[in-house]
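**Q** Chains W and X, in that order, are what the protein sequence lines are.
In terms of our numbering, the first sequence has 386 at position 395, counting the first letter as 1, and numbering is strictly consecutive.
In terms of our numbering, the second sequence has 104 at position 113, counting the first letter as 1, and numbering is strictly consecutive.
Read the hints as simulated data drawn from the structure, not as lab findings.
Do not take every clue at face value.
Which copy is meant is left open, so a pair is good if it fits within one copy or across any two.
In the BS3-like style, the derived pairs of lysine-lysine whose C-alpha atoms are separated by at most 27 Å in a straight line are [said to hold, decoys possible]:
hint, residue 1, residue 2
1, K448, K382
2, K340, K307
3, K90, K383
4, K90, K447
5, K129, K447
6, K307, K90
7, K44, K340
8, K382, K162
9, K383, K307
10, K340, K129
11, K44, K250
So you can see what is in the structure, the chains are spelled out below.
Number of protein chains: 2
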Amino acid sequence: MTQELVLQYLRSHHDQYLADLTEFLSIASISSLTQHHQDVRSAASWLCERLIKAGMTNAHLDETPGNPLVVGSIIGDPHRPTILIYGHYDVQPVDPLEKWVHPPFAPAVVDDVLYARGSSDDKGQVYMQLVALEAWWKTVGTLPVNVKVLFEGEEEIGSIHLSQYIETHQKDLRADFAVISDTPMFAAEVPAVCYGLRGLAALEISVTGPFQDLHSGVYGGTVMNPAHALASLIASLHRLDGTVNVEGFYDGVEVLTEKEREAFQSLPFDHDTFLDSIGSPSLFGDPHFTPLERIWARPTVEVNGIWSGFIGEGRKTIVPAEAHAKITCRLVPYQDPQHVLDVIEAHLKSHCPQGVQLQIHRGEGDPGTKTPLDHPSVLAAEQAIEDIYHKKAAYIRMGGSIPVVVTFQEVLQMPTLLLGFALPDENFHAPNEHFHLNNFYRGAETLALLWHYVSKKDGLQFRDSTR
Amino acid sequence: MTQELVLQYLRSHHDQYLADLTEFLSIASISSLTQHHQDVRSAASWLCERLIKAGMTNAHLDETPGNPLVVGSIIGDPHRPTILIYGHYDVQPVDPLEKWVHPPFAPAVVDDVLYARGSSDDKGQVYMQLVALEAWWKTVGTLPVNVKVLFEGEEEIGSIHLSQYIETHQKDLRADFAVISDTPMFAAEVPAVCYGLRGLAALEISVTGPFQDLHSGVYGGTVMNPAHALASLIASLHRLDGTVNVEGFYDGVEVLTEKEREAFQSLPFDHDTFLDSIGSPSLFGDPHFTPLERIWARPTVEVNGIWSGFIGEGRKTIVPAEAHAKITCRLVPYQDPQHVLDVIEAHLKSHCPQGVQLQIHRGEGDPGTKTPLDHPSVLAAEQAIEDIYHKKAAYIRMGGSIPVVVTFQEVLQMPTLLLGFALPDENFHAPNEHFHLNNFYRGAETLALLWHYVSKKDGLQFRDSTR
Chain W
-8 MTQELVLQYL
2 RSHHDQYLAD
12 LTEFLSIASI
22 SSLTQHHQDV
32 RSAASWLCER
42 LIKAGMTNAH
52 LDETPGNPLV
62 VGSIIGDPHR
72 PTILIYGHYD
82 VQPVDPLEKW
92 VHPPFAPAVV
102 DDVLYARGSS
112 DDKGQVYMQL
122 VALEAWWKTV
132 GTLPVNVKVL
142 FEGEEEIGSI
152 HLSQYIETHQ
162 KDLRADFAVI
172 SDTPMFAAEV
182 PAVCYGLRGL
192 AALEISVTGP
202 FQDLHSGVYG
212 GTVMNPAHAL
222 ASLIASLHRL
232 DGTVNVEGFY
242 DGVEVLTEKE
252 REAFQSLPFD
262 HDTFLDSIGS
272 PSLFGDPHFT
282 PLERIWARPT
292 VEVNGIWSGF
302 IGEGRKTIVP
312 AEAHAKITCR
322 LVPYQDPQHV
332 LDVIEAHLKS
342 HCPQGVQLQI
352 HRGEGDPGTK
362 TPLDHPSVLA
372 AEQAIEDIYH
382 KKAAYIRMGG
392 SIPVVVTFQE
402 VLQMPTLLLG
412 FALPDENFHA
422 PNEHFHLNNF
432 YRGAETLALL
442 WHYVSKKDGL
452 QFRDSTR
Chain X
-8 MTQELVLQYL
2 RSHHDQYLAD
12 LTEFLSIASI
22 SSLTQHHQDV
32 RSAASWLCER
42 LIKAGMTNAH
52 LDETPGNPLV
62 VGSIIGDPHR
72 PTILIYGHYD
82 VQPVDPLEKW
92 VHPPFAPAVV
102 DDVLYARGSS
112 DDKGQVYMQL
122 VALEAWWKTV
132 GTLPVNVKVL
142 FEGEEEIGSI
152 HLSQYIETHQ
162 KDLRADFAVI
172 SDTPMFAAEV
182 PAVCYGLRGL
192 AALEISVTGP
202 FQDLHSGVYG
212 GTVMNPAHAL
222 ASLIASLHRL
232 DGTVNVEGFY
242 DGVEVLTEKE
252 REAFQSLPFD
262 HDTFLDSIGS
272 PSLFGDPHFT
282 PLERIWARPT
292 VEVNGIWSGF
302 IGEGRKTIVP
312 AEAHAKITCR
322 LVPYQDPQHV
332 LDVIEAHLKS
342 HCPQGVQLQI
352 HRGEGDPGTK
362 TPLDHPSVLA
372 AEQAIEDIYH
382 KKAAYIRMGG
392 SIPVVVTFQE
402 VLQMPTLLLG
412 FALPDENFHA
422 PNEHFHLNNF
432 YRGAETLALL
442 WHYVSKKDGL
452 QFRDSTR
């Protein structure tokens, strides 16, 4: 079978992969530091040349006002499914440098673990994608799917030029779905398909009372204290059990299916270990859902910061003139961020005590994203994982947001498959970042098989015509 | 009548008083600035010499670790009532200097108003006390009461050495009551006896949850947010109508008598003017009491400051690790500060949500103070005011605290009569501080008559034996 040839190719080139990856990881492509500007460009060039060498002959750099994108595509047969692979070649800074056992840009292998900045986040996983493609081109000569790549150099500084680029290159980038390998598996030996992310809605509220801070002796008892008003507004947002007390907030929230709940339940999640890692005296939240369900599939309203009055050392007997709070909501798929902001605004206005004025500053909103569990990409990933890891894929979601996934959904109308092979404790933004090579190798094989299984699926409607 | 001689003396020395006061106010006795250290001492010496010249022959400076006290006493007949006069000769800084129409230490009279730093707070009123005594000594030769004076030079920097001095000089200072002229009348042409002050009880609370700020995507929904917990604790302290919702908080609070309520009602208090001066959209507080009653005779729990999490520009999607609040209560007479802190502590502990830890840091507590309305000093002041101002004295209280009054009550077991002749808008701590000379003159006359009327009262039990 052709895919067996591909796997054999992957299995017989470990030394080359390690040598190449060492080269790639030696480039200090730190996007947040201007002194590494040239290194970032070098990493882009290295990746582009390596893609061409692998077989993506039209790979090239596309300039942005910042760092270049590495893009390319191989559209073999427009009737086949088309996949967009996204990743990033820039890395985080390395401070504190003295905490690194091996220098961050001198990759070292110890016990089959590769230590280097960018090894797991995300250069190692980008290169893993590359070799999975290459194995097809070097053996079968062609891929069973159409593929486009989009690798950016500004992910660690907020992807500042990416959405604009996607907006203006929709035709070039559109595909049946996107694949990103920039996330961890659930745990060691628990390979996972991540099929959902939470969104975000932000607002800031200000409560104002008197013109200026008042002497609490001369005025105390005659005016509403803005700090009291703010506290009562914040307190009104939740019920005692932790659920959100805002009418309409849960509109659109999906009921978790039995299949999803069982999938989450089956994961090796240890309540005590989780709690110990946090340090709170106990966990807390909607008692109708488990902690994992609450992180992955339930929305939140979270105060990120509050301030009012005198916060220095000692005492100042005032009624503060104003009080403020920064609030963000984590949203789940099918919640409309603007509707959420609407209902919170209405709630706050109707709950604002008399004697103060309330200003609400609405911030951005991004929806949650989700790839249906029966989407061909998910089913194909499941098969590939089972073939390589010899176990059922875990279905997981993530409680955070990945902005590019929202852009893919909103601008390109396509879902994203998050299929990463890092481990949660591989120190992504910390000293001694590392990547387990056995996951690098098995990840590449899984991806190679993914293209095979995707090509067998019905239901991928998009037909690329950009050849 | 002897007191008529005294009044005539006072009325015939206006020019001398103005000349003397100009000299006194020209000394820049700013206690908070070290470069004025010598000026502060000069003011003390000036005052001491002037007291001796007036007739208090034993007046002298008593050193403290800081600025000296000016003390002295004339005990004519131990069977007569004994009064302690307290005031301060130090003044506030003058910044912003450019806002002064006349230089702060070059006293100027415009339309019978004397402009200078310290004119009303408090050098002008201290000197007013002095001339009232002097008039008796220069005419009758003796006072109808025994008198002690205690003038300090650190009032504007928190009276840092005063309570220690009072502790160690109890015998020297004890009297039937104290008189302080360091407060305003209720309004122009509304001379007032202030017979009550509020006390204070302070605490700081900290709510802690996770070890450190958490990523709200990765953890949000599983832990109690300390900012939410703090908000619910603060919100629990008050009912919707503004009354304090802490069991036992009102223990000991006196019921306002009909006489007091009528006295307050009769005052020219304009609700709209008051509200306009504050700037809040409306007044707020316990609906069973008027604003003046709430300021003067009802206790409060007031949050002075709150802080938690991220308060910089922009957005940080965290669950904060901790949240804090500074709280002070204004107490009324007969509320026990320690009991108030006890019941608030118990309330907070019993209302703290699960999933966080609460630390309570108890601060100081000072009780409210009150001089009974039928106290001989109050009745005598009423008579004196009526004789000079030709109107009924207003009975007022103040919502703030004056620490020395608490010390007099707690250490010397004596009440204080607050009989000041400044006006509320005379810019005490601001540029262009001033004092209406007609109140200076009438104030001196009122004080001179006060000694006369006090000497006629029964019921002053203290007999001085320190002659």
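**Q** Please work out whether the CA atoms of K90 and K447 approach to 27 Å or closer within one copy, between two copies, in both situations, or in neither?
**A** neither (48 Å within a copy, 84 Å between copies)
**Q** How do K44 and K340 come out at 27 Å by Cα distance, when the copy is not named: within, between, both, or neither?
**A** Cα proximity of K44 and K340: none, with 61 Å in one copy and 67 Å across.
**Q** Checking an output row: K340 and K129, CA cutoff 27 Å. Within, between, both or neither?
**A** neither (64 Å within a copy, 69 Å between copies)
**Q** Up to 27 Å between alpha-carbons, please classify K383 paired with K307: within, between, both or neither.
**A** neither (61 Å within a copy, 36 Å between copies)
**Q** With identical chains, the pair K90 and K383 could be close in the same copy or across copies; at 27 Å between alpha carbons, which is it: within, between, both, or neither?
**A** So K90 and K383 fail the 27 Å test inside a copy (37 Å) and across (79 Å) alike.
**Q** I want to check one pair: K448 and K382. Are their C-alpha atoms no more than 27 Å apart within a copy, between two copies, both, or neither?
**A** within (21 Å within a copy, 100 Å between copies)
**Q** Between copies, within a copy, both or neither: which fits K307 and K90 at Cα up to 27 Å?
**A** Answer is between: at 26 Å across copies they meet the 27 Å cutoff, but 42 Å inside does not.
**Q** Please sort K340 with K307 into within, between, both or neither, judging by C-alpha distance up to 27 Å.
**A** between (30 Å within a copy, 24 Å between copies)
**Q** At most 27 Å between C-alpha atoms: does K382 with K162 qualify within a copy, between copies, both, or neither?
**A** neither (38 Å within a copy, 90 Å between copies)
**Q** Should K44 paired with K250 be assigned to within, between, both, or neither, using CA atoms and 27 Å as the limit?
**A** neither (43 Å within a copy, 98 Å between copies)
**Q** Please sort K129 with K447 into within, between, both or neither, judging by C-alpha distance up to 27 Å.
**A** within (21 Å within a copy, 117 Å between copies)
Against the hints set out earlier in the document, violations occur for numbers 3, 4, 7, 8, 9, 10, 11.
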